[in-house]
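K.L.:
Sequence:
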Amino acid sequence: PVLVLRPSLSLHPSQGVSLGENVTLRCHLPQLAAWVWLYQEGHQTYCNYKYKKQDTADFSFLNTNREHAGRYWCQYRLPWSAVDSEKSDPVELVLTDRSFPPPSISLSPEECVEMGTNVTIQCWNKDYGATFLLHKDGCSAPIQRQDLDVVGTATFTIFGVTPADSGTYRCSYRPWGHPFLSSPLGSNVILEVTPTPAPPGGSQPHLSTLGATHEWLCHLLSL
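Using this note's numbering, the letters of the sequence shown map in sequence onto residues 144 to 366.
Please note that a few of the clues may not be correct.
Unchecked claim - Straight-line Cα separation of at most 25 angstroms, SDA-like style, residue types lysine to any residue; simulated pairs:
(1) 230 to 269
(2) 269 to 182
(3) 230 to 287
(4) 230 to 167
(5) 230 to 198
(6) 269 to 287
These aren't lab readings, by the way, just hints derived from the structure by calculation.
Go ahead and model the full structure; you've got the sequences and the hints to work with.
P.N.:
See below:
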């Protein structure tokens, strides 16, 4: 039997693309391919094909519109046979629609908090039932999400905060019925976590350790 390796798909830029801007979906090919297809969920007319012999095949959308937003896969065919690869893992193209007003945000407690405190961040908008997403600067993926079918306030809780939770937080939302359209990011709140005083004879965590913990946390939350 012919061994056909699975391709992968990536977005460029990977996030923050607004309606009207350009975006490229790149299919990474582990083998020489004769044909490469790009599929969009629910839109067979957006199935594209190209003859490629490189290790990537680019599908670029210029001046993106709402119909480009969605979930995509790619697939290829070997040049010497009629065998098709499996489809890649899906990639979601979420486009920012600036006609949606940015959400509001609040932080409680507002002042510097000590380690171990539970912190609440609330996000809301005036007009839309939506999925709310909580973002932290430095993390590529949203760190929490909450679905609201009606207009209301999304409440995100960070339990037992540590210095690694310090940072700048923002919200966005995806209106109900438009899972791949996003509002712009709203205004920010800043969380400052004060390390608990070290016990006698103890020592504070080293700053480089805290930085490594932050990077590990961001990676873990994006999985």
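K.L.:
For each hint, tell me whether it holds in the structure or not.
P.N.:
Now for the hints, and whether the structure bears them out:
no., hint, in the structure
1, 230 to 269, "40 angstroms, violated"
2, 269 to 182, "35 angstroms, violated"
3, 230 to 287, "28 angstroms, violated"
4, 230 to 167, "18 angstroms, holds"
5, 230 to 198, "16 angstroms, holds"
6, 269 to 287, "21 angstroms, holds"
In summary, the numbered hints that this structure violates are 1, 2, 3.
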